[in-house]
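Q: Following this note's numbering, the numbering of the sequence shown begins with 95 at its first residue and continues without gaps.
If you're looking for bench data, these hints aren't it; they were derived computationally from the structure.
Check before you lean on any hint, since a few could be wrong.
[As the list claims (entries may be wrong)] Within a straight-line C-alpha distance of at most 30 angstroms, the following computed DSBU-like cross-link-like pairs (lysine-lysine) qualify:
#1 Lys-200 to Lys-252
#2 Lys-260 to Lys-200
#3 Lys-183 to Lys-254
#4 Lys-200 to Lys-254
#5 Lys-134 to Lys-260
#6 Lys-200 to Lys-309
#7 Lys-289 to Lys-200
#8 Lys-119 to Lys-252
[As the list claims (entries may be wrong)] Here are the computed distance ranges between Cβ atoms for each label pair:
#9 Lys-200 to Leu-247: 31 to 41 angstroms
#10 Leu-152 to Gln-124: 18 to 28 angstroms
#11 Asn-282 to Glu-328: 46 to 56 angstroms
#12 Thr-258 to Glu-190: 41 to 51 angstroms
#13 Leu-123 to Asp-313: 21 to 31 angstroms
#14 Glu-328 to Leu-123: 47 to 57 angstroms
#15 Ile-377 to Glu-328: 20 to 30 angstroms
#16 Thr-310 to Glu-150: 20 to 30 angstroms
Computed from a prediction, not measured in an experiment: that's the story for all the values here.
The C-beta atom is built at its ideal place from N, Cα and C for all residues, glycine as well.
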Amino acid sequence: MRWILVTISGLVPLIGIADGNLASKVIRLQLSQDQPTEIKLGTQGITTIEFPEKIEALDGFGFSANPLPNGPDLFQISFNKGTNFLSLKAIRPGVEGNLTVVIGGKVYAIFCKEAPDASFVVIFHENETKNPAVASGEQRPPPRKQASAARLLGFLDKVKGFPTLKVSAPEVYQNMDVAEPNSQSVINGIEVNLKRVIRDDVLDSLSFEIQLRNKTDKDFFYDPESLGVRAGNEVYQQSVSDAGGMVPAGKVQTAFFIITGGSNGDRNDLAVTNKFDVVLRQIQGDPDQKSSAEWQEPPGTLPTRLDRGDGANGTKSNLHKKNNRRVRKQDKNGNPSPSPTPKQVAQHAE
């Protein structure tokens with residue numbers, strides 16, 4: 095027994111040293127067409143390579159998904175069409191070979207070689223002067239236009255139907271990133287559970303499913319249009335939401351909302367793995383008209399002049415009530431309202 099204890103205690107410093115070297119196993123490189131990039135691969139584990147865009151084509155001699163024992167193949171490759179990453183492994187010591195990768199209509203060369211100090215992950219990033227117009231000093235192109243309200247509402251429907259569609263029609267989410275953080279926070283005495291985050295990169299939008307739990311003995315009222323998230327020092331307001339605006343005392347309500355783009359009109363490119371803090375604005379006191387916890391259809395007909403009861407006084411009638419699926423108000427140019435100035439806080443592929 096004493097010998098076993100001594101052996102185990104002797105391993106502790108070695109483990110500590112190994113942990114200290116793990117950071118060097120993740121490599122970040124600039125993607126360039128000017129020269130091949132050398133990547134070190136191992137025979138005992140895989141090396142995953144991430145590219146800034148989806149991979150359009152691959153070509154290389156000696157790369158096989160199912161290499162034969164003692165065959166001519168040099169490397170084992172794992173790749174799923176439509177993704178921006180692949181994994182490689184050397185079949186035997188001393189092998190070398192080049193792999194051609196096509197992304198964004200451009201060809202890049204990767205030189206693979208077996209090495210004892212193989213990398214675990216290689217992350218490629220593009221040149222900072224990605225846009226030729228920007229590099230040459232020309233005027234920067236206008237920001238990408240935001241998705242239409244109809245497309246955002248379609249995305250919202252996919253989000254609400256996720257538990258069913260992921261089983262019956264998983265292809266709906268083929269090009270979307272999904273995370274289920276189940277993180278907890280408290281806002282004005284209401285427990286908030288961030289249940290699910292889904293990103294549609296084409297729309298540059300992230301959807302959020304949250305659960306609001308009211309443990310108090312009073313109904314909690316909030317403004318659905320105030321829903322948003324804080325990531326680092328930035329606050330991103332909802333562009334579309336499906337929320338009741340009220341959480342009855344002792345009850346739990348589910349709300350959905352989507353954020354699109356950034357506050358400056360550019361893309362947000364936020365990953366679902368970010369640390370998000372939900373924000374909302376409480377309505378103090380009893381509102382003039384309490385929001386329903388369920389979405390209600392608008393009236394099928396419009397009232398006539400007599401129905402309005404305003405005679406010739408020209409008094410405005412309350413014909414259009416807010417429903418719970420709200421689209422951010424837009425100005426004359428079709429641009430969204432800017433996000434409010436964020437408070438200073440600490441941070442974290444249709």
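Q: Hint by hint, say whether it matches the structure.
A: Results for each hint:
Restraint check: the Cα-Cα separation between Lys-200 and Lys-252 comes to about 33 angstroms, which exceeds 30 angstroms; the hinted pair is violated. At roughly 34 angstroms between alpha-carbon atoms, Lys-260 and Lys-200 are farther apart than 30 angstroms, so this suggested pair is violated. With a C-alpha separation of about 40 angstroms, the suggested pairing of Lys-183 with Lys-254 is violated against the 30 angstroms cut-off. With a CA separation close to 38 angstroms, the supplied pair Lys-200 and Lys-254 exceeds the 30 angstroms bound.
For the hint pairing Lys-134 with Lys-260, the CA-to-CA distance comes to about 37 angstroms; that exceeds 30 angstroms, so the pair is violated. A distance of roughly 56 angstroms separates the Cα atoms of Lys-200 and Lys-309; the hinted pair therefore is violated under the 30 angstroms criterion. As the CA atoms of Lys-289 and Lys-200 are separated by approximately 39 angstroms, the hinted pair breaks the 30 angstroms bound. For the given pair, Lys-119 sits about 38 angstroms from Lys-252 by alpha-carbon distance, which is inconsistent with the 30 angstroms threshold.
Taken as a hint, the range 31 to 41 angstroms holds for the pair Lys-200 and Leu-247, whose Cβ atoms sit roughly 36 angstroms apart. The supplied range of 18 to 28 angstroms is met by Leu-152 and Gln-124, whose beta-carbon atoms lie about 20 angstroms from each other. In this structure, Asn-282 and Glu-328 break the distance hint of 46 to 56 angstroms, their C-beta atoms being roughly 22 angstroms apart. Against the hinted window of 41 to 51 angstroms, the Cβ-Cβ separation of Thr-258 and Glu-190 comes to about 49 angstroms, which satisfies the hint.
One distance hint, 21 to 31 angstroms for the beta-carbon pair Leu-123 and Asp-313, is violated here, with the actual separation near 55 angstroms. For the hinted restraint 47 to 57 angstroms between Glu-328 and Leu-123, the CB-CB distance of approximately 28 angstroms leaves it violated. Distance hint check: the CB atoms of Ile-377 and Glu-328 are about 25 angstroms apart, consistent with the given range 20 to 30 angstroms. The hinted window of 20 to 30 angstroms between Thr-310 and Glu-150 is violated, with their beta carbons roughly 55 angstroms apart.
The structure fails hints 1, 2, 3, 4, 5, 6, 7, 8, 11, 13, 14, 16 (numbered hints given earlier, in ascending order).
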